[in-house]
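In order, the protein sequence lines correspond to chains W and H.
Per the working numbering, numbering of the first sequence is gapless, rising by one per residue and ending at 231.
Per the working numbering, numbering of the second sequence is gapless, rising by one per residue and ending at 855.
You may find that some hints are simply not true.
In silico DSS-like cross-links for lysine-lysine, where the CA-CA straight-line distance does not exceed 30 Å [to be verified]:
| hint | chain 1 | residue 1 | chain 2 | residue 2 |
| --- | --- | --- | --- | --- |
| 1 | H | Lys186 | H | Lys715 |
| 2 | H | Lys168 | W | Lys189 |
| 3 | H | Lys715 | H | Lys697 |
| 4 | H | Lys301 | W | Lys74 |
| 5 | H | Lys697 | H | Lys168 |
| 6 | H | Lys17 | H | Lys211 |
Not close to chain W: a few residues of chain H, all C-beta gaps over 12 Å, as computed [as the list claims (entries may be wrong)]:
| hint | residue |
| --- | --- |
| 7 | Asn22 |
| 8 | Thr302 |
| 9 | Arg468 |
Because the hints were derived from the structure by calculation, they are not lab data.
All C-beta atoms, glycine included, are put in the ideal place defined by N, C-alpha and C.
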Amino acid sequence: MVKAIELENVDLSLGRGASRVHILQGVSLAVAHGEAVGLVGPSGSGKSTLLMAMAGLERADSGRIMVDGQDLTKLDEDELARFRGRRIGIVFQSFHLIPTMTALENVAVPLELSGARDAFERARAELDAVGLGGRLDHYPAELSGGEQQRVALARALVADPAILVADEPTGNLDEATGRQIVDLLFDLKRDRGATLVLVTHDPSLAAKCDRTIRLRSGRIESDRPLAAATV
Amino acid sequence: MLAPVPVVRPGFPVILKLALRNLRGGLAGFRIFLACIALGVAAIVGVGSLALALQDGLGTQGRLILGGDVSMSRIHRPAEPNELAFMQSQGRVTGVATMRAMALAPNGRAGLVEIKAVDAAYPTVGAVVFDPPGTPAEMLAAREGIHGAAVDPALFARLGVPLGTRIKLGDIEVELRAGLRSEPDKLAGGVTFGPRLMLSQDALAATGLLKPGTIVRWTYRIILPEGAASEADLLRFEQAAQAALPDSGFGIRSRTNAAPAFVRNLERFTQFLVIVGLTALVVGGVGVANAVSAYVDRRRKTLAVYKSLGATGGRVFAVALTEVGLIGLIGTAIGLALGSALPWLVGWLAAPLLPLPIEPHIRPGQLALGALYGLMAVLAFSLWPLGRAHDVPVSALFRDEVARTHRLPRPVYIVATVLAVLGLAATAVLFSYDRRIAISAVAGTAAVFLLLRLVAWAVAAVARRLPRAGRTELRLAVANIHRPGALTPSLILSLGLGVTLLVTIALIDANIRNQLSRSLPDRAPTFFFVDIPAADIAAFESFLGEVAPGARVERTPLMRGRILRVNETRAEDVQAAERAAWVLEGDRGITLSATVPEGSRLVQGEWWPADYKGPPLVSFDAEIAAGLGIGIGDTVTVNVLGRSLTARIANLRRVEWQSLGINFVMVFSPNTFAGAPFTSLASLTMPHAGSTESEAKILAESARRFPSITAVRVKDALDAVNDVVGKLAVAIRGASGITILAGVLVLAGALGAGHRARIYDAVILKALGATRGRLVLAYVLEYGLLGLVTAGFALVAGFVTARVVVTQLMKMDFVWFAPAAFAAAGGAVAVTVLLGLIGTWRVLGQKPARHLRSM
């Protein structure tokens, strides 16, 4: 059975010369289709970098990264971008909405970029699904943090990606709002049958995942199913 | 394995939509960009539209300027009866005679006047305005045997006489009955050296000035009948005149070509100003590049979001380019509007002072050209920094970058930048009046630009390697020069180009003025005397010996003649180089000589023997001959004193025109005009520089004793030329000011961009105990050092450019005028320091606590 995500012996460094830092060292893992995986670990352990490598946003120095049957190490930058647009949805900690676009336009962008004719209809439906049907024409500055993250969720899901990656999706939200967002995220993931990989420092969020992978100094320290995991 | 991802490229509408959405954030951060593009485009369109408005004014008012639909003019002889009959068969004819003469006032003062003798029908088009008001008939008629005259009011002052005075002109007295406020046909007359004096043709005949060989221009204006004066009719007239009166020596002009020399000079001047406008656009380009670079930095996150959502680097670049292009369009549109308004503004502000008709219109051609320049400049200066948008890393969304690496953009963007720069240069060359000059200007600008970049890089590199200075202020200044995001490249590039242009223009201007006034005391004559009849030569020379003992007198026969043919080709059909074409247009002074004239040397062929008796020979100026494409053995046919004669070119001379001695393009063998009633031209060179009083005395005495001989004081003639040069210099400096303004804008933009970093420095230093005085000193040192380097470069580059222009294009000696150059360059240093300080003034007032909390 083909895995949703499969990493084999991935090494990744950042910086040049003396300032070069070895971030990921011989990381291997596999994520099954529909699985929810939480990446946990202390700051600087390589969680976000591993997430970016899975999303094709960072290039590995060596090793193989297979996502949804595609070897990302074999794609050039433009092919990676197009792959992301269709197969991967990304949710950022800081939302990263485009400030000059309304909620509707922000959500429609990935579809517009992929040439979809019904971009706005689908974006409207997606915003309805996250409960923002009445906020279509609001700009990010006119929305609360929770609403902004819902828009970001809608944007990540609008193209029906097979993989959903989220970098501390509740990191910039208060506890109650964060809980609502997490519930929404997992509901939507379940409805779409998508695979979810998320980075978090929040034990309750990690606890909702099927499995948690703990990193330390760029290596996998532990990889356990939910029942055995400690965050 | 799954099928490869299908490639679906979003079309331009999507990219445009995204760019438009980005623009909702407003144009903040693009103000300098907009101003730079608008300024450059406005300069180019303004200059072009103004020139066209003037040309159109000349075109539509050509009939007024010419005084008719067609004019026929020649020197020396009025029209013969058969010639006049031809003209009258075509339409209504009026005649005007113009010449130079001396006016002698009862108080003994004398002055050169430009006589215009008109017939009863004058003016057939337009009106003459007299002060006090009246008609030409009233003002010029003879009353009690005394003819009337109307004069340029300047003559009253020059002769020191009031209205109503009777002055002597030739053999008669004329009464000054009116001041001449305006003549409709003034522009067609060309440059004048003295004030106008208008009288009747009867009066002119009575003066006795019209001796055989006297240099007088007879102009006949013909008004074609109603319904037969179309442009085709004008052409038909010209053809009929050439067929009916071949070799008559008349120069024919039509109302569509009323002032060709003026139009040519206007075109040349326009091109020069367009080049200055282009320099402003290039200087502004630095501001564009800075603004786009800052835009890419500012929009990094948005661009990264696009990428994270599936946009390729190319698409991200396309969105950014479209956004910048749209802003470029706005800037260009502002520039087009401002530039188009210039002719109206000039017409409104300067109409009373401008002796030219001006017809402002919207000029679609100029608008298109301005838009092309504007958009090419936007592309040339934004593609490179925009290319970096392609490689904006999405990781920027996950973590702050420690240091942004400003790598070179991908090769495709470098190639595109080079193509856009070449496109801009090609536009400048293709639409220029003289491509040779345009290519030199473009190459010069490019060279200076590249050199300045090199200088900026070198300054930063040297600053980086300097040993640590002992004083904190100096250390801070040096660090500011080389740190990332330093002002160094922007400041040196933007001000460097403008100041180089300023130094160049200052030096060229100083050299032209020097050429007009220098060396006159030792080499140049003090006076020229024209129209000396053969019978008066001996008496006049003895008079000169008497009033100016020890002075050198040179004399040569002088005639005016028009070249009719070169070999068998009609003059108007000769393909002449720009530098020689003027010789074929209108009448030229010609002379004859048994020996090589002083001030010229033989470069090819042999001079004729003193007693040469064979077929007519002519000696030609070598450079003009080359421009006409002729040499030894070729023939020229000229019309002189009513005779057409063909002479063979026997030799070529190199003429030293700058000596201001008597010299001519064409010198004929003496037997060519044997027996012709020509007059002579004499020059008088005083051994020592004469005083104004002694010169005035010679002038007055000459006018009294030899009323038919016209004296031209060289200083007066040069003053007239100097006056024109002065006015042009003002226009050129005004245009160069635009370049400096563009530089200042760029500097302001660069200062704005570095504002945050400066606040950070200032706050930290203040927190550590630095006073505002020490911070000011550090900034003064920084801007002063950069200003000095820029000024030093501008001095060297301006010197080299001015030298090349003066010696190679103008063929004059070059003199280094330190005050002019240093004033221009020193001004630049002062402006730099001042602007820098103004720009950082707010930084000094920042309270550390507020900033430290947010750091």
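Checked hints:
For the given pair, Lys186 of chain H sits about 24 Å from Lys715 of chain H by alpha-carbon distance, which is consistent with the 30 Å threshold. The straight-line distance between the Cα atoms of Lys168 of chain H and Lys189 of chain W is roughly 111 Å, outside the 30 Å bound, and the hint therefore fails. Between Lys715 of chain H and Lys697 of chain H the alpha-carbon distance is near 15 Å, which keeps this suggested pair within the 30 Å criterion. Simply put, Lys301 of chain H and Lys74 of chain W have alpha-carbon atoms about 26 Å apart, close enough for the 30 Å limit, and the pair holds.
Of the supplied pair hints, the one linking Lys697 of chain H and Lys168 of chain H holds, its CA atoms being roughly 16 Å apart against a limit of 30 Å. Using a Cα cut-off of 30 Å, the hinted pair Lys17 of chain H and Lys211 of chain H is violated, with the two alpha carbons roughly 82 Å apart. Not every beta carbon of chain W lies more than 12 Å from that of Asn22 of chain H, the smallest distance being close to 5 Å; the non-interface claim is violated. Look at Thr302 of chain H: its CB is around 5 Å from the nearest CB on chain W, not clear of 12 Å, so calling it non-interface is violated.
With a cut of 12 Å on Cβ distances, Arg468 of chain H stays outside the contact zone with chain W, its closest approach being about 23 Å.
Comparing the model with each numbered hint stated earlier shows that hints 2, 6, 7 and 8 do not hold.
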